[in-house]
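Participant: Protein chains in written order, with the numbering used here: chain A, 1 to 160; chain B, 1 to 391.
Think of the hints as simulated: they come from the structure by calculation, not from any bench.
It is possible that some hints are incorrect.
The list that follows gives simulated cross-link-like pairs (lysine-lysine, BS3-like), each with its CA atoms no further than 30 Å apart [to be verified]: (1) B:K109 <-> A:K147; (2) A:K147 <-> B:K28; (3) A:K147 <-> B:K38; (4) B:K38 <-> B:K116; (5) B:K342 <-> B:K158; (6) B:K205 <-> B:K265; (7) B:K216 <-> B:K236; (8) B:K67 <-> B:K80; (9) B:K116 <-> A:K147.
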Amino acid sequence: MKRERYLRMTACISLAWTLFPEPLLAIQAHGGNEGIVVHQMGHVFFLVSMGAFVYWLREGRLLGHPGWRYIMGFAVLMGLWNIDVILMHFLDEQARLVSVERTTPFSVTLSGGGSSWLPLVYYLGKLDHLICVPALFLLYTGLRRIKASLGSGEGKGAEQ
Amino acid sequence: MTLSYMPIVVVDIIGSLSMIIMGFLCLKLTFDIRAHDKGNAIWIYLVWVCSGLVVFAVSRSTGHIVKQFLIMDGFDEAWKALQPYSGSVNTLALILVASITLFFRQIWKIYIRILKDQNALQQAHEQLVSLNQSLEARVEKRTRDLAAESAQRMVLEKHMSQTEKLAAIGELSAGVAHEINNPLGVILGYCQLLIRSETEESERKNDLKTIEKHVKHCQRIVADLLSFSRSSGTDKSPCDVHLILDDVLDFITKHTDSGKIAVVKHYDSSLPFLHLNREKIRQVFVNLVMNARHAMDDGGVLTLETRRSPDHIHGEIRVIDNGKGIAECDITRIFEPFFTTKPTGQGTGLGLSVTYGIIKDHGGDIRVESREGEGSTFTLSLPLPDITNER
Ligand SMILES: Nc1ncnc2c1ncn2[C@@H]1O[C@H](COP(=O)(O)OP(=O)(O)O)[C@@H](O)[C@H]1O
Ligand SMILES: [Mg+2]
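From just these sequences and the hints, can you work out the full model?
Facilitator: So this is what it looks like as structure tokens:
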């Protein structure tokens, strides 16, 4: 009974294969711009999740605890960082409005879209570590607080 | 616009390294926290978030650093080969952290529910404990009540055995009294015959007088005993207790010196005539008033009170003195025949037992309240006549 079904299935697949030889139809290709789109979506998803996280933290009244206040700071900064990075990726890989030229090993010349501020924004935006490193530092501090409060036996960091 | 390339490189390299270091530090902290408090789902969440961040930081930062070096050293081809993997892992890590974060709410909710259940359990436990404790308290209280009850019952039993004892003594003494009464009469008769045949002022006459006196004393005791045993006559008629009381007071003040004793009367004039044997009740009052007088050798106040009992079934007569009172150990014994604290010759110890017998004979009761040094109160309750007999 089972074997019969398998046989039938194999037959169907073979038939389809011979009728439609192009693999494109069976399996989607992922070349081209798809990488950047997926990546950007990932960032948007991250941004949304951070926003939700902050909302839930407030709603859950965890903020009474100092540790969780820092962790909320982390989430806010990560959200900002996502916005920055999404913008950068957009400028770099999708709009391509700003052109970068290494004039010397120590300097770059930026020009873009005829506007004077866009290159500056681009330049500053590239310094995204100035956002995400403090964010991680806040996370670290928050975790330390939680750990300390656990160690001293008071509160579980999540008192209701 | 020409700008320095240095800040970008420096921030990129130092920032990337910091990201990796911080990521690992955070991960380690979350592990520590979880080790502290294993059962809490929220720490598992933190572990996952930090793991995601570490993967993200490593993939991104290695990408950045390697990129910087490779490009700087002119290995653009190598970077191109590496880039898709670094980028993909990076994207995956982003999505991982975001997904875990979105699960946070669910975890949070579950955690809250667990906390609530825990609280409910704790409350139930506390309730149980307090119930347990109050149960103990209740058992204790019940035990105390029972103990008090049994103490009360013991007192009652004692009282009953006392009553039985008095009755037994009464019967016994009645028999003895009867037997002795006749020989006493004969002795007295012959004694008086002999006295009559003696000449005046002879020594023998004085001796015979002494014998006569003592025989009469014996007769009195026997008469007392007989009245105690209730064996003598019980013809009763409606009497006014107030009249009898006044009569007794008159009689006593006339025959004894009672200068130092004040008498206070609180008579309830609505008290009806009681159905009494006048002579016996007289004797009762004499006994009680005499006892009170004896208790107030140094003077005091004798209060006579009559009233209806609160339940309107009895008339109550109280003889109250503020004399020396009765010792606690004696109070159960004072109704016993021959119990006396007075020196021989002064007290026979029969007064109260006779009183007791008479009152019982009238269907009444006698109670005593006394405190040593403060005085005594004797309360007689005698049944009121039916309403038809009221005055
Ligand atoms: N009013 C009273 N105040 C103090 N003690 C009393 C009183 N009435 C009776 N008693 C005590 O009770 C005892 C017994 O009294 P009772 O039977 O009348 O005998 P008696 O008067 O001959 O001693 C007395 O010896 C006395 O100790
Ligand atoms: Mg007496």
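Participant: Confirm or reject each hint.
Facilitator: Taking the hints in turn, this is what the structure says about them:
Note on K109 (chain B) and K147 (chain A): the hinted pairing holds, with a Cα-Cα distance of about 22 Å set against a maximum of 30 Å. Annotation: proposed proximity of K147 (chain A) to K28 (chain B) holds, straight-line Cα distance about 11 Å (limit 30 Å). With a C-alpha separation of about 13 Å, the suggested pair K147 (chain A) and K38 (chain B) falls inside the 30 Å cut-off, and the hint holds. At most 30 Å may separate the alpha-carbon atoms for a hinted pair to count; K38 (chain B) and K116 (chain B) meet this at roughly 18 Å.
Between K342 (chain B) and K158 (chain B) the CA atoms are separated by roughly 25 Å; this keeps the pair inside 30 Å, and the hint holds. As the CA atoms of K205 (chain B) and K265 (chain B) are separated by approximately 47 Å, the hinted pair breaks the 30 Å bound. The hinted pair formed by K216 (chain B) and K236 (chain B) meets the criterion: a straight-line CA distance of about 28 Å does not exceed 30 Å. Restraint check for K67 (chain B) and K80 (chain B): the C-alpha separation of about 9 Å stays at or below 30 Å, so the hint holds.
About 23 Å separates the Cα atoms of K116 (chain B) and K147 (chain A), which keeps this hinted pair within 30 Å; it holds.
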